[in-house]
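**Student:** Sequence:
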Amino acid sequence: LDLTLPDSSGLETLTALRSAAPGTPIVLLTGMTDEELVITCLRNGAQDYLVKDSLTEDLLSRTVHRSIERMRVELALKESEAELHALFEHAPYGVLRVNAGGDLLDVNEALARMLGFERKVDLMALNLGRDIYQNNSDFEALVEAHAKVDRIGEREVCWKRSDGKPLMMRLSGRVVRGK
3 LDLTLPDSSG LETLTALRSA APGTPIVLLT GMTDEELVIT CLRNGAQDYL VKDSLTEDLL
63 SRTVHRSIER MRVELALKES EAELHALFEH APYGVLRVNA GGDLLDVNEA LARMLGFERK
123 VDLMALNLGR DIYQNNSDFE ALVEAHAKVD RIGEREVCWK RSDGKPLMMR LSGRVVRGK
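With this note's numbering as the guide, the letters of the sequence shown map in order to residues 3 to 181.
These aren't lab readings, by the way, just hints derived from the structure by calculation.
Built from N, CA and C at the ideal position, the CB exists for glycine as well.
One thing to keep in mind: the hints can contain errors.
[Unchecked claim] FRET-style restraints, in silico, Cβ to Cβ: (1) R64 <-> N129: 49 to 57 Å; (2) S11 <-> D124: 41 to 49 Å; (3) A127 <-> K150: 29 to 37 Å; (4) R68 <-> L107: 28 to 36 Å; (5) F90 <-> R179: 14 to 22 Å; (6) T17 <-> D140: 47 to 55 Å; (7) R179 <-> D140: 16 to 24 Å; (8) D108 <-> I70: 28 to 36 Å; (9) L107 <-> R74: 23 to 31 Å; (10) F90 <-> M34: 43 to 51 Å; (11) R157 <-> D50: 45 to 53 Å; (12) R74 <-> K150: 33 to 41 Å.
[To be verified] Here are the simulated lysine to aspartate or glutamate pairs, EDC-like style, with alpha carbons at most 16 Å apart: (13) K122 <-> E111; (14) K162 <-> D133; (15) K162 <-> D140; (16) K167 <-> D133; (17) K122 <-> D105; (18) K122 <-> D108; (19) K54 <-> D36; (20) K54 <-> D4; (21) K122 <-> E91; (22) K54 <-> E37; (23) K122 <-> D133; (24) K162 <-> D124.
Using the sequences provided together with the hints, build the complete structure.
**Tutor:** Have a look at this one:
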């Protein structure tokens, strides 16, 4: 894609091309040294860029091949993420992601229903240790016990439903660090 076409230029050219051909890798060809525009285009979906003055057949060929492969990998990753999200959302049992402070990062609809919430967004506003565990110290003990291990073995805990009634839960999971 040449960024300096007579009837279109810069980001509007990229946007129009991405709309017309989604999923097609785009390599920018520019004679300009406007790095800010190039970076903006790369952030908005261009795979790579080449400067006209330094263009060779070999460089063009390698860049196009790398861009095609990168786009293939990005599409496969998006597909995989969509499948994982569907598994998470449609699991018949409660699933959650929570940080060590008890902030809910994500929950599925099944967990929200188990705890008596009509919408998962209402559950997401709560803190697991403070608002959902019957006893916050049980949550703190769980966090402390798993500070150095990656697997949470099956454990029974008492949580509270939205109406305040206790609910015995069986937990198991994995600790993901650095997220």
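**Student:** Decide, hint by hint, whether the structure agrees.
**Tutor:** Evaluation of the provided hints:
1. R64 <-> N129: 49 to 57 Å: Holds - the Cβ-Cβ distance for R64 and N129, about 51 Å, lies within 49 to 57 Å.
2. S11 <-> D124: 41 to 49 Å: Taking Cβ atoms as reference, S11 and D124 lie about 48 Å apart, which means the hint holds.
3. A127 <-> K150: 29 to 37 Å: holds, 30 Å
4. R68 <-> L107: 28 to 36 Å: Once the Cβ atoms are compared, 34 Å apart, the range 28 to 36 Å for L107 and R68 holds.
5. F90 <-> R179: 14 to 22 Å: holds, 20 Å
6. T17 <-> D140: 47 to 55 Å: holds, 52 Å
7. R179 <-> D140: 16 to 24 Å: holds, 22 Å
8. D108 <-> I70: 28 to 36 Å: holds, 33 Å
9. L107 <-> R74: 23 to 31 Å: Given about 30 Å between the Cβ atoms, the range holds.
10. F90 <-> M34: 43 to 51 Å: holds, 44 Å
11. R157 <-> D50: 45 to 53 Å: Since R157 and D50 have Cβ atoms about 49 Å apart, the given range 45 to 53 Å holds.
12. R74 <-> K150: 33 to 41 Å: holds, 39 Å
13. K122 <-> E111: holds, 6 Å
14. K162 <-> D133: holds, 8 Å
15. K162 <-> D140: This hinted pair holds, its Cα atoms lying about 13 Å apart.
16. K167 <-> D133: holds, 12 Å
17. K122 <-> D105: holds, 14 Å
18. K122 <-> D108: Judged against 16 Å, a Cα distance of about 9 Å means the pair holds.
19. K54 <-> D36: holds, 13 Å
20. K54 <-> D4: holds, 9 Å
21. K122 <-> E91: Measuring from Cα to Cα gives roughly 11 Å; hence the hint holds.
22. K54 <-> E37: holds, 14 Å
23. K122 <-> D133: Status holds; Cα separation ~15 Å.
24. K162 <-> D124: holds, 14 Å
Of the numbered hints given earlier, the model fails none.
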